[in-house]
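If you read the sequences in order, they're chains A and B. Position 6 of the first sequence, counted from 1, bears residue number 6 in the numbering used here, the numbering being contiguous throughout. Position 140 of the second sequence, counted from 1, bears residue number 140 in the numbering used here, the numbering being contiguous throughout.
Warning: the hint list may mix true and false statements.
Which copy is meant is left open, so a pair is good if it fits within one copy or across any two.
[As the list claims (entries may be wrong)] Derived SDA-like pairs: lysine to any residue, alpha-carbon spacing no greater than 20 Å straight-line:
(1) Lys-60 / Ile-125
(2) Lys-122 / Arg-168
(3) Lys-122 / Glu-5
(4) Lys-60 / Arg-117
(5) Lys-169 / Asp-113
(6) Lys-122 / Gly-11
(7) Lys-169 / Phe-3
(8) Lys-122 / Arg-12
(9) Lys-122 / Ser-102
(10) Lys-39 / Thr-153
(11) Lys-39 / Arg-174
(12) Lys-122 / Thr-13
(13) Lys-122 / Ser-17
(14) Lys-144 / Gly-124
Hint data in this document are derived by calculation from the structure and do not stem from the laboratory.
Protein chains: 2
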Amino acid sequence: MLFPEGVSVDGRTGEVSPATDRYTKTLADLRGFFRDSAKLDEMVATQGEVPVYEVIGYRKAESDLSFGTTIMSPGKVGDEYFMTRGHFHVRRDRGEVYYTQSGEGLLLLESRDGDTRVVEMKPGICAFIPPDWAHRSINTGPEKLVFTWFCATDAGHEYGEIQERGMRKLVVDRGGEPFVAANPNFAER
Amino acid sequence: MLFPEGVSVDGRTGEVSPATDRYTKTLADLRGFFRDSAKLDEMVATQGEVPVYEVIGYRKAESDLSFGTTIMSPGKVGDEYFMTRGHFHVRRDRGEVYYTQSGEGLLLLESRDGDTRVVEMKPGICAFIPPDWAHRSINTGPEKLVFTWFCATDAGHEYGEIQERGMRKLVVDRGGEPFVAANPNFAER
Numbered sequence: 001m002l003f004p005e006g007v008s009v010d011g012r013t014g015e016v017s018p019a020t021d022r023y024t025k026t027l028a029d030l031r032g033f034f035r036d037s038a039k040l041d042e043m044v045a046t047q048g049e050v051p052v053y054e055v056i057g058y059r060k061a062e063s064d065l066s067f068g069t070t071i072m073s074p075g076k077v078g079d080e081y082f083m084t085r086g087h088f089h090v091r092r093d094r095g096e097v098y099y100t101q102s103g104e105g106l107l108l109l110e111s112r113d114g115d116t117r118v119v120e121m122k123p124g125i126c127a128f129i130p131p132d133w134a135h136r137s138i139n140t141g142p143e144k145l146v147f148t149w150f151c152a153t154d155a156g157h158e159y160g161e162i163q164e165r166g167m168r169k170l171v172v173d174r175g176g177e178p179f180v181a182a183n184p185n186f187a188e189r
Numbered sequence: 001m002l003f004p005e006g007v008s009v010d011g012r013t014g015e016v017s018p019a020t021d022r023y024t025k026t027l028a029d030l031r032g033f034f035r036d037s038a039k040l041d042e043m044v045a046t047q048g049e050v051p052v053y054e055v056i057g058y059r060k061a062e063s064d065l066s067f068g069t070t071i072m073s074p075g076k077v078g079d080e081y082f083m084t085r086g087h088f089h090v091r092r093d094r095g096e097v098y099y100t101q102s103g104e105g106l107l108l109l110e111s112r113d114g115d116t117r118v119v120e121m122k123p124g125i126c127a128f129i130p131p132d133w134a135h136r137s138i139n140t141g142p143e144k145l146v147f148t149w150f151c152a153t154d155a156g157h158e159y160g161e162i163q164e165r166g167m168r169k170l171v172v173d174r175g176g177e178p179f180v181a182a183n184p185n186f187a188e189r
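Model the full assembly from the supplied sequences, consistent with the hints where possible.
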């Protein structure tokens, strides 16, 4: 039987306590996701293990609803801001909500038929992610971007499609401001 | 088709923008929920429409996940703090998460077999409400209690059982501190 619990979520550090799971993705883990892969290789060679983001979860198999935080480092690969891999949910009827706690960024979304939307991530904004929209978080600021996510436990993550073909848009630094550009490497399947 | 959207959630006022629905419960609406009904009647007679809490929602029928805020006034009926009606979900496999934004309170929970739990509500705490636990929020502080809730859209609210029989415990002011007491009016069905 599941019992109620108060779970501490630190909006600055993103720490979740108690948590059930956590993982970190480093630059080396994200080979293939950034446009400038030579630059990424160079950064990995010279800087070693660079954490791009960490995910801390509070998930109980018997609960329909899970939550947790994502903590994104500031940084860029060339002119492309640090970002998450991006994913659809396996269950196409499952959406998600991202509540930004600190930092600033953009949430890049793509529907199954190729429509793109961008939602600003900043403290106090709940980004509503409808079912069946792929979503990728991008840290466009100089500080950590920390957000809390809320999602059906059975949603499932499908990373393969975005990994293989990319997203139609990417977010780059143009003179110090984020700019949503066409992705030259996007491969229509 | 549903589109992504950034929804502003003000952690101080509880305002949600854009919102899809909102309602307010006044003291008069909450007749029968507080232990001291004579006191409640007197307050309604002398103070008129006293808002106890307001709920503002962002719900889309085609989205599995809804969210919103509850804004609770500070106050008491006799020694019993202002509280929400309390409810189970119609769907017994649906839980909820309450993220406190400002203020302080207690979340009183009761399982189907009569187990009671209390979770502290304060900024930075995500209260995890497992499926099939009745839950009632109680503002034990001098300020507004504002929290953001996240819940399956199809969970449904079942208020009748708590309204008829009460909860086994109630939270009263004992010398300026919240105290969880047995409810003398609790009626086992």
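Against the structure, the hints:
no. : hint              : verdict
1   : Lys-60 / Ile-125  : between (26 Å within a copy, 17 Å between copies)
2   : Lys-122 / Arg-168 : neither (23 Å within a copy, 41 Å between copies)
3   : Lys-122 / Glu-5   : between (27 Å within a copy, 13 Å between copies)
4   : Lys-60 / Arg-117  : between (31 Å within a copy, 18 Å between copies)
5   : Lys-169 / Asp-113 : within (14 Å within a copy, 52 Å between copies)
6   : Lys-122 / Gly-11  : both (12 Å within a copy, 13 Å between copies)
7   : Lys-169 / Phe-3   : between (43 Å within a copy, 17 Å between copies)
8   : Lys-122 / Arg-12  : both (13 Å within a copy, 16 Å between copies)
9   : Lys-122 / Ser-102 : both (7 Å within a copy, 18 Å between copies)
10  : Lys-39 / Thr-153  : neither (36 Å within a copy, 44 Å between copies)
11  : Lys-39 / Arg-174  : within (17 Å within a copy, 64 Å between copies)
12  : Lys-122 / Thr-13  : both (15 Å within a copy, 18 Å between copies)
13  : Lys-122 / Ser-17  : between (23 Å within a copy, 14 Å between copies)
14  : Lys-144 / Gly-124 : both (16 Å within a copy, 18 Å between copies)
Consistency note: the structure conflicts with the earlier hints numbered 2 and 10.
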